[in-house]
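Chains A and B supply the protein sequences, listed in that same order. The numbering of the first sequence is the numbering used here, which starts it at 1 and goes up by one. The numbering of the second sequence is the numbering used here, which starts it at 1001 and goes up by one.
Everything labelled a hint here was simulated from the structure, so no lab data went into it. Heads up, none of these hints are tricks.
Below, simulated PhoX-like cross-link-like pairs (lysine-lysine); rule was C-alpha separation at most 25 Å, straight line:
{"hint": "1", "chain 1": "A", "residue 1": "K203", "chain 2": "B", "residue 2": "K1034"}
{"hint": "2", "chain 1": "A", "residue 1": "K203", "chain 2": "B", "residue 2": "K1053"}
{"hint": "3", "chain 1": "B", "residue 1": "K1053", "chain 2": "A", "residue 2": "K225"}
{"hint": "4", "chain 1": "B", "residue 1": "K1535", "chain 2": "B", "residue 2": "K1012"}
{"hint": "5", "chain 1": "B", "residue 1": "K1006", "chain 2": "A", "residue 2": "K203"}
{"hint": "6", "chain 1": "B", "residue 1": "K1092", "chain 2": "A", "residue 2": "K54"}
Take a look, some chain A residues computed to stay more than 10 Å from chain B by CB distance:
{"hint": "7", "residue": "A33"}
{"hint": "8", "residue": "Q56"}
{"hint": "9", "residue": "T61"}
{"hint": "10", "residue": "A96"}
{"hint": "11", "residue": "I127"}
{"hint": "12", "residue": "D130"}
{"hint": "13", "residue": "G157"}
{"hint": "14", "residue": "G170"}
{"hint": "15", "residue": "K253"}
{"hint": "16", "residue": "N256"}
{"hint": "17", "residue": "G279"}
{"hint": "18", "residue": "N287"}
Selected chain A positions facing chain B (in silico; Cβ < 8 Å):
{"hint": "19", "residue": "R192"}
{"hint": "20", "residue": "P193"}
{"hint": "21", "residue": "R194"}
{"hint": "22", "residue": "N195"}
{"hint": "23", "residue": "A196"}
{"hint": "24", "residue": "K197"}
{"hint": "25", "residue": "V199"}
{"hint": "26", "residue": "M200"}
{"hint": "27", "residue": "K201"}
{"hint": "28", "residue": "K203"}
{"hint": "29", "residue": "Y218"}
Every residue gets a Cβ at the ideal spot worked out from N, C-alpha and C, and that includes glycine.
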Amino acid sequence: MSGLKIVVLAKQVPDTRNVGKDAMTPEGTVNRAALPAIFNPEDLNALEQALRLKDQNPGSTVSILTMGPGRAADVIREGLYRGADNGYLLSDRAFAGADTLATSYALATAIKKIGTPDLIIGGRQAIDGDTAQVGPQVAEKLGLTQITYAEEILECGNGKIKVKRHIDGGVETVEGPLPIVITVNGSAAPCRPRNAKLVMKYKRAMAPMEMPKEGLPYAEEYAKKEYLTITQWSVADVDGDLTQCGLAGSPTKVKNVENIVFQAKESKSLSASDEDIDGLMKELLANHTIG
Amino acid sequence: MANYFKDIPELKFHLNNPLMKRICELKERDYRDKDQYDYAPIDFEDAMDNYEKVLEIAGEISAEIVAPNAEGVDAEGPHCANGRVEYASGTKVNLAATVSAGLNGMTMPRRFGGLNMPIMPYTMCAEMAAIADAGFSNIWSLQDCCETLYEFGNEDQHSRFIPRICAGETMSMDLTEPDAGSDLQSVMLKATWSEADNCWLLNGVKRFITNGDAHLHLVLARSEEGTHDGRGLSMFIYDKNQGGVNVRRIENKMGIHGSPTCELVYKNAKAELCGDRKLGLIKYVMSLMNSARLGIAAQSVGLSQAAYTEGLNYAKDRKQFGKEIINFPAVYDMLSIMKAKLDAGRALLYQTARYVDIYKALDDIARERKLTPEERQEQKRYAKLADAFTPLAKGMNSEYANQNAYDSIQIHGGSGFMLEYPCQRIYRDARITSIYEGTTQLQVVAAIRYVTTGAYLNIMKEFETIPLTPEMEPLKNRVMEMTCKYAACVNQVVEAKNQEHLDFVARRLVEMAADIIMCHLLMQDASRAPEMFAKSALVYVNYAESEVEKHFNFVRKFDAEQLDNYRQ
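Please construct the entire structure, taking both the sequences and the accompanying hints into account.
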């Protein structure tokens, strides 16, 4: 079949997987300065699925779509380094403070502007909010079918896609029509590493808002090589409705944030005997700590 | 995320050596590829930035993918079925990652799909792969056989084979046979020209072939019937797609389990000649071996680093008598010497790689145009330096890797002897480095001529003129005294005019030369980056001085008459 048009939804998130003592501020909010900004892990799984489709279907294009401040362009560069063809950075003060509803509105609007692709694919959820809502909401807003918790795209052709998805205690295989929205689970294949040639090609790629006012080194390269300028869109660029964007478009209000510290309150001593170990296993299975 | 390139600052220091400016200029031919390839650098700074970025990729893959797989690969190893090699599952993952990252054919020109990188940063990637898993580093770094194919193959062979290597196919060099190990002149594998097939046919057996089921093989075979020495040998390219070579067995080895060491049976295997007939051993394999020796030197430095890191971490963690054992002089004595050997050996490795880079880049330019007289002189100078340094880099680093691996286990105590910590794998993996691609004894044979001709002494004298920081001056004076003792030993042995006497003390003389040269390199490094190398410079000079003294005492009191007492 001819090439597919694929959009990967990706988010730059604070790396909450390796938190130190200073991960939270005394007020209980995330201390972003102490946490490195990374490519949301499950979005990388999604990117890998997109790149595999591209490998199998010559002529396909993979675009990275992300929303965030200028430095969120890192996510687009990381995508380009791994084989994506281009990227779109949605960046505007009016997008700031968005909950999942406003985020999905912004992303859906941008996707309409790009032109509805064959496949929109993203991670199941981001490690900062853990809501798993954005992908499904984008599908709803675009009126598209969705497959969540995908582990592997098995087949794609003739307007259909077959996906293995993760379910409680196993996997199931489902089929859906294109265009479609897919969210990918962390148990899917890890993303390929950065490619040396692509890193050398795209290392200077930048969104306009990242470019220093005093001028860029190698400025003449940007005139010669269009791919070095990352597309950057404001609310107006995607014909967005300001009341549905950012804080204004976010009905979710955070009332309170609690900092929970886990503490062991009781302990139990066990001997190394088979009975004790057997008993412990049964207890852990019964309270679903394992299994 | 772990990343050896970012976590080991010494690597970046060595990358940013002043000689790189000249290397880049030559390798990039004044940056002429920039309009033709979107990944070609625009200028020197851009080229260096490119190397750094590629090293970051290699550093991350090594630390995040290859290293975690090392234990599994060591336990599982490759398997042989139906004449083919099946890599360990972790090896397959490692290979897929390096291929996908485009870390193959790294030094090849862009027109073949390569990255056109100098040998120096490529060697650094090889070191990092070996830190993670020395067995895997063998498979990956056999890509440097491509250098030989590029140097001696014809245009047609270049265009057919090199792009495949750049795309990730693997290579092997099929030299050793059951009766031809160190003595490659005895190679018997038969190459006969077949009019019917219009190609050469290979028949016979090769043994101990690393990655013997590779896609492309460079094979040393006897093309001249009736000959018995090196002049009857030619080099051939065998493409696995042609069929005719089967893997009879995979050796069961002490270490580097990830690397399949194969016995190969050739049955009318179709092959093509690479270069000219009869030059197989005397020219091409010599070149092949020089690249490979640099590769083993890199592997050895990687192992030294791994041994040191494991020893250091354990010593910081392990408490006895109420404190971490790193606080005991007996332990930090070992660790400091390990670090000093690592820093000294690494300095020697990358200095050698830079010498190789300059002369090879000039060699390559000479294929396009006539070199200017200045360039010819430069080429000659660096080719000689590279030839003189390569056996030292391979010989010393492989011995240091073994010594560091030994000490790493010693620091671990009883735990080090159990098969639980990585130090035992490093110890087993390191053992081969002083054996293959020419034993340490053969490195001495290659190096001794630079002792007797005074080449090493000249290098030392030249190094003495390099300005150092005032802090290094006292050390330099001591090194100059060591040089006097070295010169005295050399004179005495040369004047004795007895070949066996010379052969007997050769290892000691070569080690003295290497120790002194490494002292100089470390002092130079410590002058540029005292925070990184000042400690090692002092520790190494202390160590080297005692080594030189030991050899001095031996050589000065030795004469040919004593030889009889040594003969067994």
